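K.L.:
Residue numbers (our numbering), protein chains in the order written: chain A, 959 to 1117; chain B, 6 to 418.
Honestly, I wouldn't trust all of these hints.
Stated by the list, open to error - Listed below are several chain B residues computed to face chain A (Cβ distance under 10 Å; list not exhaustive):
| hint | residue |
| --- | --- |
| 1 | Thr41 |
| 2 | Ser48 |
| 3 | Thr74 |
| 4 | Gly139 |
| 5 | Ser140 |
| 6 | Leu340 |
| 7 | Gln344 |
| 8 | Arg386 |
| 9 | Met387 |
As the list claims (entries may be wrong) - A short list of chain B residues far from chain A (calculated; beta carbon distances all over 12 Å):
| hint | residue |
| --- | --- |
| 10 | Thr79 |
| 11 | Arg85 |
| 12 | Gln98 |
| 13 | Thr148 |
| 14 | Asp188 |
| 15 | Leu249 |
| 16 | Ser289 |
| 17 | Gly341 |
| 18 | Gly363 |
| 19 | Thr408 |
| 20 | Arg416 |
Source of the hints: derived by calculation from the structure; they are not laboratory data. Source: prediction; values computed, not measured. C-beta atoms are modelled at their ideal positions from N, C-alpha and C, and glycine is treated no differently.
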Amino acid sequence: MGRVWKVGDNISTDEIIPGRYNVTTDRTQLAQAAFIEYRPDYAPNVRPGDLVVAGRNFGMGSSREHAPIAIQASGASAVIARTFARIFYRNAINIGLPVLVCDELHPGVEDGDGVELDMASGVIRTADGREFQVEPLPEFVLRIVQAGGIIPFVQAGNL
Amino acid sequence: MGTMSEEILGRKVGRAVRAGEIIVTPVDYVMAHDQTGPLAVESFRKLGRPLFDPDRAIMVFDHIIPAATVQSATLQRGLRDWMREASVGHFLQEGICHQVLVERGFVTPGAVIVGADSHTCTYGALGAFGTGMGSTDIAVALTTGKTWFRVPETVRFNLSGAMGRHVYAKDLTLAMVGMLGVDGATYQAVEYGGAAVRAMSISERMTLANMAIEMGGKTGLCEPDEVVDEYLRDRAREPYEHVLPNNPEYGRVIEIDASAVEPMVALPPDPEHLATAGELSGVSIDQVFLGTCTNGRLDDLEVAAGLLRNRTISPNTRMVVTPASRRVLLEAMELGFIQTFIEAGATVTNPGCGPCIGRHQGVLAAGERALTTQNRNFPGRMGDPTAEIYLASPATAAATAITGFITDPRRFD
Chain A
959 MGRVWKVGDN
969 ISTDEIIPGR
979 YNVTTDRTQL
989 AQAAFIEYRP
999 DYAPNVRPGD
1009 LVVAGRNFGM
1019 GSSREHAPIA
1029 IQASGASAVI
1039 ARTFARIFYR
1049 NAINIGLPVL
1059 VCDELHPGVE
1069 DGDGVELDMA
1079 SGVIRTADGR
1089 EFQVEPLPEF
1099 VLRIVQAGGI
1109 IPFVQAGNL
Chain B
6 MGTMSEEILG
16 RKVGRAVRAG
26 EIIVTPVDYV
36 MAHDQTGPLA
46 VESFRKLGRP
56 LFDPDRAIMV
66 FDHIIPAATV
76 QSATLQRGLR
86 DWMREASVGH
96 FLQEGICHQV
106 LVERGFVTPG
116 AVIVGADSHT
126 CTYGALGAFG
136 TGMGSTDIAV
146 ALTTGKTWFR
156 VPETVRFNLS
166 GAMGRHVYAK
176 DLTLAMVGML
186 GVDGATYQAV
196 EYGGAAVRAM
206 SISERMTLAN
216 MAIEMGGKTG
226 LCEPDEVVDE
236 YLRDRAREPY
246 EHVLPNNPEY
256 GRVIEIDASA
266 VEPMVALPPD
276 PEHLATAGEL
286 SGVSIDQVFL
296 GTCTNGRLDD
306 LEVAAGLLRN
316 RTISPNTRMV
326 VTPASRRVLL
336 EAMELGFIQT
346 FIEAGATVTN
356 PGCGPCIGRH
366 QGVLAAGERA
376 LTTQNRNFPG
386 RMGDPTAEIY
396 LASPATAAAT
406 AITGFITDPR
416 RFD
């Protein structure tokens, strides 16, 4: 079972990865800088299966793709937010980081809670037996996700 | 029939489009810069195809120029190698991407321009649909000449009245972010209309459109008019037509009386937290920054130089001035503004993004406080995450530099 990394509303790309850490395309280095100032305990401790659970407008600000790459490379399995900022959302879909909308999860869980995401059904189960359903992806976005990101989507002749 | 976004995108795809539908549209120009370029090149190489049109591909070096570290120098060397290999048509290193693309006539009414920078929405000042994307989206556009959009709904601001003394487009745009909030226009376009916008220069309209993204907006559009035509004469790279709203249905319409707006300041941690400059007059400031794609143009420098002439910067603060482009710098030199800044005690840097993103030319220490003319004040943006960033107009910035405390510029009338 994974754990919840709970973050607040309006988390900017500067808080996900400050600009001065964007001077590399190396995924390992980007992963080490994920939330480095906002939550220094995140990068050293996050494990596969963990979920970043955010409030409203997650990823506001810059277009830096370093932000979703840092989260993806850090090992977290998905970001579940009440809402996402537009550019961050597109970037995450493009690179294959699951970004899912669920209005009830953020108020319903605490930092460190045990959770499990079933990607196929979009159901999140908590250690104490509760279930949360994420919103279905828009059809076009789902096609990109099913292709494995925008690059394979384009290579398959779409767009 | 539609909003400006629906009209522009509909012309591009050759049929009427409505808010909410997903379209695949051709793009006129595709831009990346030294910060987002390296990841775009990685994705471009994965796609394994040539540029769809080298003349439509633009690379700008502006974020860390000249390179401040071996790491950024290495990334820039890699980009230069790639540009030669891929035959990129336009390599510009003379200022901030958005300023330079407008100055060089790439931006025309009705154009669709995508850039790997969130402030690509600035091009709406000239009636172009500009929008920011990430590096992989840009790589796709570089190879296919196309991108996908969800046609946005529109929030329309009608700005009536005339702005008062020492009130500027920056104060209006901060007031709008304060009204709508930092996610108030997410997935939507913003349109700016009314007498106050018609009276604005291109530079002021760019200040408005630049901060559409600070409300989450996909783009920020002003209606093209004779001010745009005048600016684009001998500058536009291709012929264009004005594309205007046509019986639009807006998601939301907000009326603002520009004459009631005062000099505004955004407080940490984001631009929706606002006060008037007067309300913050006891707040001491360690560094003032004048520049950026929001407010680094000639008229911005002129306003600040007007206040700083025959005055000096407070010994309790420091000031950095970064002209938005080489052209702005040259004109500011000719007009004596640069002389004024240096005599007042400011540090004038080469054109570019300057200290806005906290990597060089004025990084903040723990606990320091900056007042800057940029668009964002998120924690950690300009250096240490405990540094506080306040956003204001060039006039408020200059007045603050003189006193060392946040200062309403009308105090110097």
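K.L.:
All hints are to be evaluated individually against the structure, with a verdict given for each.
P.N.:
Consistency of the hints with the structure:
| no. | hint | in the structure |
| --- | --- | --- |
| 1 | Thr41 | 6 Å, holds |
| 2 | Ser48 | 6 Å, holds |
| 3 | Thr74 | 7 Å, holds |
| 4 | Gly139 | 4 Å, holds |
| 5 | Ser140 | 4 Å, holds |
| 6 | Leu340 | 32 Å, violated |
| 7 | Gln344 | 32 Å, violated |
| 8 | Arg386 | 5 Å, holds |
| 9 | Met387 | 9 Å, holds |
| 10 | Thr79 | 9 Å, violated |
| 11 | Arg85 | 16 Å, holds |
| 12 | Gln98 | 18 Å, holds |
| 13 | Thr148 | 7 Å, violated |
| 14 | Asp188 | 4 Å, violated |
| 15 | Leu249 | 25 Å, holds |
| 16 | Ser289 | 24 Å, holds |
| 17 | Gly341 | 34 Å, holds |
| 18 | Gly363 | 6 Å, violated |
| 19 | Thr408 | 29 Å, holds |
| 20 | Arg416 | 32 Å, holds |
Checked against the numbered hints given earlier, the structure breaks hints 6, 7, 10, 13, 14, 18 and satisfies all the rest.
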